[in-house]
Each structure stands twice: as C-alpha cells, then as structure tokens.
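Undergrad: Residue strings, one per chain:
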Amino acid sequence: MTRQIVIPFGPQHPVLPEPLHLDLVMEDERVVEALPSIGYVHRGLEKLVEKRDYKDFVFIAERICGICSFIHGMTYCQAVEGVMDLPVPPRALYLRTVWSELSRLHSHLLWLGLLADSMGFESLFMQSWRLREHILDDLESTTGNRVIQGACKVGGVRHDVSNEKLGSIVAGLDELRPKLDDLVNVFVRDDSVKHRLGGLGVLTEQQAWELGAVGPVLRASGVSNDIRQIGYAAYDELEFTPVVETGGDCYARTMVRAKELFTSIDLIRQAVEKIPEGPVEMKVTGNPWGEFYARSEQPRGEVVHYVKANGTKNLVRFRVRTPTFTNLPPLLAAMKGLQLADVPVVVLSIDPCIGCAER
Amino acid sequence: MRREAQPIEAIEVPDLLARVGERKAAGDRLIAISCAVVEGVNEITYSFEDRDHAFTNLRITVPPGATIPSTTPVYWGAFVYENEIHDLYGLTVTGINVDYGGHFYMTKVPFPFAAPTPAAAPAKEEKE
Amino acid sequence: MGVFTIAKTITGNLFSRPPTSRYPAEPAKRFDLTRGHLAFEPENCRVCRVCMLRCPTQAIVVDREKRTWECDHFRCITCGNCVELCPTDALHLEPAYRSPEADRPGKEFHEIPAPPPKAEAGGETAEA
Amino acid sequence: MAYMKRSPWIIHYDGSSCNGCDIEVLACLTPLYDVERFGIINTGNPKHADIFVVTGSVNEQNREVIRNIYEQMPQPKVVAALGICACSGGVFRECYNVMGGMDKVIPVDVYVPGCPVRPEQIIDGVVKALGVLEEKRARMKAGAPAEVPA
Numbered sequence: 001m002t003r004q005i006v007i008p009f010g011p012q013h014p015v016l017p018e019p020l021h022l023d024l025v026m027e028d029e030r031v032v033e034a035l036p037s038i039g040y041v042h043r044g045l046e047k048l049v050e051k052r053d054y055k056d057f058v059f060i061a062e063r064i065c066g067i068c069s070f071i072h073g074m075t076y077c078q079a080v081e082g083v084m085d086l087p088v089p090p091r092a093l094y095l096r097t098v099w100s101e102l103s104r105l106h107s108h109l110l111w112l113g114l115l116a117d118s119m120g121f122e123s124l125f126m127q128s129w130r131l132r133e134h135i136l137d138d139l140e141s142t143t144g145n146r147v148i149q150g151a152c153k154v155g156g157v158r159h160d161v162s163n164e165k166l167g168s169i170v171a172g173l174d175e176l177r178p179k180l181d182d183l184v185n186v187f188v189r190d191d192s193v194k195h196r197l198g199g200l201g202v203l204t205e206q207q208a209w210e211l212g213a214v215g216p217v218l219r220a221s222g223v224s225n226d227i228r229q230i231g232y233a234a235y236d237e238l239e240f241t242p243v244v245e246t247g248g249d250c251y252a253r254t255m256v257r258a259k260e261l262f263t264s265i266d267l268i269r270q271a272v273e274k275i276p277e278g279p280v281e282m283k284v285t286g287n288p289w290g291e292f293y294a295r296s297e298q299p300r301g302e303v304v305h306y307v308k309a310n311g312t313k314n315l316v317r318f319r320v321r322t323p324t325f326t327n328l329p330p331l332l333a334a335m336k337g338l339q340l341a342d343v344p345v346v347v348l349s350i351d352p353c354i355g356c357a358e359r
Numbered sequence: 001m002r003r004e005a006q007p008i009e010a011i012e013v014p015d016l017l018a019r020v021g022e023r024k025a026a027g028d029r030l031i032a033i034s035c036a037v038v039e040g041v042n043e044i045t046y047s048f049e050d051r052d053h054a055f056t057n058l059r060i061t062v063p064p065g066a067t068i069p070s071t072t073p074v075y076w077g078a079f080v081y082e083n084e085i086h087d088l089y090g091l092t093v094t095g096i097n098v099d100y101g102g103h104f105y106m107t108k109v110p111f112p113f114a115a116p117t118p119a120a121a122p123a124k125e126e127k128e
Numbered sequence: 001m002g003v004f005t006i007a008k009t010i011t012g013n014l015f016s017r018p019p020t021s022r023y024p025a026e027p028a029k030r031f032d033l034t035r036g037h038l039a040f041e042p043e044n045c046r047v048c049r050v051c052m053l054r055c056p057t058q059a060i061v062v063d064r065e066k067r068t069w070e071c072d073h074f075r076c077i078t079c080g081n082c083v084e085l086c087p088t089d090a091l092h093l094e095p096a097y098r099s100p101e102a103d104r105p106g107k108e109f110h111e112i113p114a115p116p117p118k119a120e121a122g123g124e125t126a127e128a
Numbered sequence: 001m002a003y004m005k006r007s008p009w010i011i012h013y014d015g016s017s018c019n020g021c022d023i024e025v026l027a028c029l030t031p032l033y034d035v036e037r038f039g040i041i042n043t044g045n046p047k048h049a050d051i052f053v054v055t056g057s058v059n060e061q062n063r064e065v066i067r068n069i070y071e072q073m074p075q076p077k078v079v080a081a082l083g084i085c086a087c088s089g090g091v092f093r094e095c096y097n098v099m100g101g102m103d104k105v106i107p108v109d110v111y112v113p114g115c116p117v118r119p120e121q122i123i124d125g126v127v128k129a130l131g132v133l134e135e136k137r138a139r140m141k142a143g144a145p146a147e148v149p150a
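Residue numbers (our numbering), protein chains in the order written: chain A, 1 to 359; chain B, 1 to 128; chain C, 1 to 128; chain D, 1 to 150.
What the hints contain is simulated information worked out from the structure, not anything from laboratory work. Among the clues, some could well be false.
To be verified - DSBU-like, lysine-lysine: derived pairs with alpha carbons at most 30 Å apart:
1. 194(A) <-> 51(A)
2. 8(C) <-> 194(A)
3. 259(A) <-> 194(A)
4. 104(D) <-> 51(A)
5. 51(A) <-> 66(C)
6. 313(A) <-> 336(A)
7. 29(C) <-> 165(A)
8. 5(D) <-> 128(D)
9. 274(A) <-> 24(B)
10. 194(A) <-> 179(A)
11. 8(C) <-> 259(A)
12. 55(A) <-> 8(C)
13. 274(A) <-> 259(A)
14. 128(D) <-> 141(D)
15. 259(A) <-> 179(A)
16. 66(C) <-> 179(A)
17. 141(D) <-> 107(C)
18. 179(A) <-> 8(C)
19. 51(A) <-> 29(C)
20. 141(D) <-> 47(D)
21. 29(C) <-> 128(D)
22. 165(A) <-> 51(A)
23. 55(A) <-> 179(A)
24. 128(D) <-> 104(D)
25. 5(D) <-> 29(C)
26. 274(A) <-> 179(A)
27. 107(C) <-> 47(D)
28. 259(A) <-> 336(A)
As the list claims (entries may be wrong) - Some but not every residue of chain C turned toward chain A, in silico, with C-beta under 8 Å:
29. 31
30. 34
31. 35
32. 37
33. 49
34. 52
35. 79
36. 80
What you are looking at is a predicted structure, and each value in this text was computed from that prediction instead of being measured. Just so you know, even glycine gets a beta-carbon here, dropped at the ideal spot from N, CA and C.
Sequences are here, hints too, so could you generate the full structure?
TA: Encoded structure:
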C-alpha cells in the first residue's frame, strides 16, 4: 500500500481569491479524501439581527457576499415580506428581476474568467472580465454601486429606473451578445478547455441530488432544477427553460453557466417588455410576526433565507443557507480520485463563494 | 409573484431518523437543517424539496444542550449542517460521518447562538 | 478560416480605443446615482438623530446637547439609509468617492447652527 | 506616471470580507483598470511582495494567518487596508466573531474607505502606499528601522 500523506491547501492560495482550506489526503498524486476546514471568513452576522432594525438589516444581508449581493438582499426582503404578507408593487418585482439577472450575468462572467485563470488561460480571463465591466456599468448607473448595489428594501426597491434606461440596457446587452458568443465559443469549442475540464470531478445525477448540490452543479448533472421556476419576483410571468447538461463534469458545469448567460439576457428582455408602470415601493408599517423561508436562485444555486420574528423590530432568528455551503459535500465527493494538479479547477467548478458559505 | 406553501410538521426526536428516511425514500433532497432558539428551546427544522419544488419541513424541539441523532446515515451531506449546529448552538449530535469535533467554526465566543441556561452567567456582550 | 478571424481581430484592435480607462490621467467614471460619499449640510439639520439611530454601522454620532454631528468615514458604508430617512434633507450622497488616508481618524465634524427660536420643539421626529 | 518610479508587487489576502472588495482587487488587474501598466503585479508569495493589501476584518481564525503573511514579507513593507471592514470592522464590527479592523493585528499604513472600494480607490491607495514605501526605504538606508514604533 502506498503511503498516505496530508497536503494542506490554502487558506492563502494563489488560485483562490478567498480563503478556503482543504486537507487533501493523498496517495502519491491521487486525492483519497478531502476535508475542508472553513471558518476563516466566519463573522457571525446572523446574530446581528438581534441588534438591528429589521428594515436596516437588508444592508447587512447584502453584505453576506459581494458577488451575489443583490440576490441576498432581495431574498431577505422576500422573507420579511413573506412574514408580513406584503403586496409588493409589480414594477418593483420586475426591477428586482432585471437586477438579479444582471447580477447573474456579472457573476457568471466573473466565474468563467476565474476558471480560465485557474487553467492558465490568461487571455480568456481578461476577455471575460472585460465584458463583465459592461454589466457593472449597467448596475452602477441604475443602482448606484458597482458591486454591492443596495437597491432592494423591504416593500420594494429604492430607485425607479426609467423605461428609456431599461431599453438602453437591453440595447447594450444586444450589442454585447456577439462578444459573449465569441467568448462562449472558446469555452465550448476550444480543445485545451475541453481537455482540461472534460471528465474531471464527475458527479452522477443521483449523487448530485442526494448530496444536496444546487444550482449549476446540480443542473450540470442532468437534474432540471432551477428555483426561479417557483416563481418568486416576476419569474412566474416570464418564460424560460433551465439549462441542463448531462455530463456532470467540470466541462458540463462550465457549459451550464455559459449558456445561462443567454437565458439571463433573454429574461431581461422579457422583463423589460412586460414591465408595468406604477409605484416601486410601498409603505411598510408595523413589525413582522411569524416565520418564512424565502428561496431564490443565485448564480451559484439555491439560497434559503429563513426569518423568524416575534412582533418586535428585531428579528428572533435569521438564517441563511447559501449555495456554496450545501455544495461542499458534492465537492468532496467529486474530488475523490483526482490528481493534485486538478484540485484547484475542480474546487472552482462549484463556484465557491466562501464569504457566503461562512457568513 | 407566487409565494410557495411551507408546511412545517412537528415530530418527536425518536421518530426523526425514520421520518427523514421516508423523505429520502420518496426521492426528496435535503435543502437545509436550520436551528433557532425560541423561548429557551431549540427548534431544529429539516427542509426538503421534491423534484417538483414542493417544499416541506420537519421540526423537532429540544432543550438546550440536548443530544440529537445525526441524519448523516440517510443524507451523507448533512454533516455540514450538523457540525454547524454543534458549534453554534452547543447541541451534541451523535454519529456524524465527518465529525469536526467542534472545529468547524472557530468562534471567539463558544456556542454563540446557544440559548442562555440559568446557570451560565450572562456574557458581557453576547446576551440573548 | 483562422487567418480571417485573426485579421479581423487585428484590424479591429488597430482602429478601436483600448478598453483600459486612463485613470488617474483622466477622472474616474461616475454616474448620477453613484454613491461616493456622504455630505452633510448643517443648516438643514434639526438634530432629530434618526441618522444616528438607523445607521447600520453607527458611523454617525449626533449630540443633541452640544448640537454636533460627526461621521466616521471609515465606518460609513455609503448605503444611503440616512439620506432616505432624513426628514429635512440635511444629508445627501455625492458621486465623488473619498481618497485614502494614512491616518485612521478620518472623521468629519460639524457644528449645527442653532435654529431660529421656534423650530426647537420640532426636533422629535425621530424613529420612522 | 512620473511619480511611480518603482513597480510594487502586492499580495492580497481576504480577511473575513464579503468578497466585494476582493473582486474589485481582481477587477483592477483586468483590462479596464489594468494596474499592470503601473508595474503593479499581484503575487501569491509573501516573500515577493512589497505591499500587503488586506480586505475584510479580522476574526478569530484568520488572525494568525494575517500575522504570518505580514511577518513573512521582507522589509520595507506597507500594509494597505482596503474597504471599511479592514479599516474599522464596518457593518460586521459588532458580530461576535469579528475583532475589528486590520490595525488590531498588524500596523496599517494606508486606509482606503469605500464599501466596497472602487478600483479607482484601490489605485489611489496603492499609489499612496508606494509613497509610504519610499519613506520607509529612505529610513532604512539611513540606518534606522523601517517601522517606527507607534
């Protein structure tokens, strides 16, 4: 029997911008077992809910993660609105939809870039991030910030966006589309990408479902599961089909995210076509009482915000189950039998967001 | 906008594994295990989803510092949630497949979310 | 095929502007809505303290007795909550962002001029 | 830029940040902001780095990691705290696991505000850090220790 050694990976690692520590039990170059040790980013923000007004907590909920920030804020608002049973104005719901799809676009482009970087495809990384700046400009000009948008509030959104501006966003995305096509073509067709990602970190359909994988990881294993189908925000009035791949490997996960870029553009166009006129926020009075689970689809997968309130202005419990947290067990399963050099790519393929996972 | 139904069924601790096993047999996915302290007791909620997005919950209620069985024999991936419950709430979970032994999160305050027990003097900042 | 693609790319690159912004030679790109920094107008302030009470980071300290307003810019997250809640429009957000500093203080301090005699009683608008 | 005489290498570590600042640090490296035109290179090795760019606040578990990275860097070295979490703890200041800003563990030379910091602010911050680096280098040449005890 070969000797087993444990290689620590991270927390400060050139490939990962975030601290994730893995203990890799190795037999020569093969990973026998991987164990994450997390907690480098654990802040304990769920506890803060006891000190802050429930309306102000949205700013903290947004800062759970800087990449999917908008959707975190939105899901928190949905949870509170669910508890209080607030009828949110439809225009606000549509604006939320547009912004969450823009967030998805920027997050997926970011991820495609990071993946390219982790395989050593530097120019592809640069190209992805160059295109991402267009999306960030759209976000900044409509919400006021590039990354942490701060656009959602309990009972609606904080700014209205004029119909002309929405139209120009769609026109801008149409212009962007051929460039995205070129980019995605490289990911889909390029031999070096195929060879580097094909067959790596395979999760079967059953494994992915039973281990609790969510989002692109689950869809890449052939399960058509997209939380947008439950119809939160304005998604119940928009048409889309979840992108599903069957390979279950890193290449399939890349495909899912790459194709979702176009689904998002399409959803934004539909939302802008259908957006109703009207107010974008409602007056919220009183304090919540009750509990609610709000679920929504982040770029990384399903996020669950649970809110329990007892009629005071501070909530009793706020819990967030982030996609990366539940994607950790599937990641560990996918890493068994890998070579050490492939570990960074496979870790990246679940789109880990440690800031989210550890809160 | 649609708001989904969220039935929560209260069950007893000894039934937990059997009921969770039923869910697995029905082909459900474990969404999350969340814990909350409500009026001095821990509510632990197991959320599931079937293939058509139907969202259901099972809930057990245990006193602070209690011992609960692990669901990892049923859902392998549940260890992340159960280690978290141990580290943040001070509940003991028996039979976890990957047991971090309290080193999942390293927190400045031990068991920051735990319900205050009458014996423990209130901490300086972290009182409930 | 490949030759045509690369020829197109090369000519495209020759005749297009580089994507790189020329900052700091050119000023930074900003939008009307950009949340750069918080600006305070002492003349409009009625010392209601709502900005201090609802600030998510407690960056703002308002002293009613001394009639002072102080903001720690290294705590302010420019979320705009105070701007929205301020009953008298004494606060607003400017698109220009703050520059880095070598010292931690970075506090902005204002004395609020005393109001015309009758307005004092109207200060109780806090807690929206 | 004339005032940028040297090519500082930076090392980036994410304390307990929310990622917002980290992706902006990365965005600085990419075509729109492209800090490599100033000779700034993001390295992964603390021994190669002149400027330690930290984002996020200090918590129980990463305190040692931050101190380790800082101590491994050669003299003269400069620490730039990016974002209000690194400056003061920010929104998370009152969380049970957060100790506060970076200055609780290592001496910070440049504080860059913003939540999250904008890439332009990062460039400004690094330029400012470079000024501090030059001062420290001059001090070392004169035979004095680079770090002045606070």
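Undergrad: Holds or violated: residue 141(D) with residue 107(C), Cα cutoff 30 Å?
TA: At roughly 35 Å apart (the allowed maximum being 30 Å), residue 107(C) and residue 141(D) break the hint.
Undergrad: Given residue 34(C) as an interface hint, is the shortest Cβ-Cβ distance to chain A below 8 Å?
TA: Check passed: Cβ of residue 34(C) comes within 6 Å of chain A, closer than 8 Å.
Undergrad: Hinted pair, alpha-carbon criterion (30 Å max): residue 104(D), residue 51(A). Please report holds or violated.
TA: 23 Å, holds
Undergrad: Given the proposed pairing of residue 128(D) with residue 141(D), does the C-alpha separation stay at or below 30 Å?
TA: 20 Å, holds
Undergrad: For the pair we were handed, residue 51(A) and residue 66(C), check the Cα-Cα distance against 30 Å.
TA: 27 Å, holds
Undergrad: Quick one, is the residue 80(C) hint okay against chain A at 8 Å, beta carbons?
TA: 7 Å, holds
Undergrad: Tell me if the straight-line CA distance from residue 107(C) to residue 47(D) falls inside 30 Å.
TA: Violated, at roughly 35 Å.
Undergrad: Does residue 259(A) pair with residue 336(A) here, judged by a C-alpha cut-off of 30 Å?
TA: 28 Å, holds
Undergrad: So, as I understand it, the hint says residue 49(C) touches chain A; can you test that by seeing if any CB pair is closer than 8 Å?
TA: Result: violated, 14 Å to nearest chain A Cβ.
Undergrad: Compare the distance between the alpha carbons of residue 51(A) and residue 29(C) with 30 Å, and conclude whether the hinted pair is satisfied.
TA: Violated - the C-alpha atoms of residue 29(C) and residue 51(A) are around 37 Å apart, more than 30 Å.
Undergrad: So if I understand the rule, the pair passes when the alpha-carbon distance is 30 Å or less; does residue 8(C) with residue 259(A) pass?
TA: Measuring from Cα to Cα gives roughly 25 Å; hence the hint holds.
Undergrad: Residue 5(D) and residue 29(C): Cα distance at most 30 Å?
TA: Measuring from Cα to Cα gives roughly 26 Å; hence the hint holds.
Checked against the numbered hints above, the structure breaks hints 1, 6, 9, 12, 16, 17, 19, 22, 23, 27, 32, 33 and 34 and satisfies the rest.
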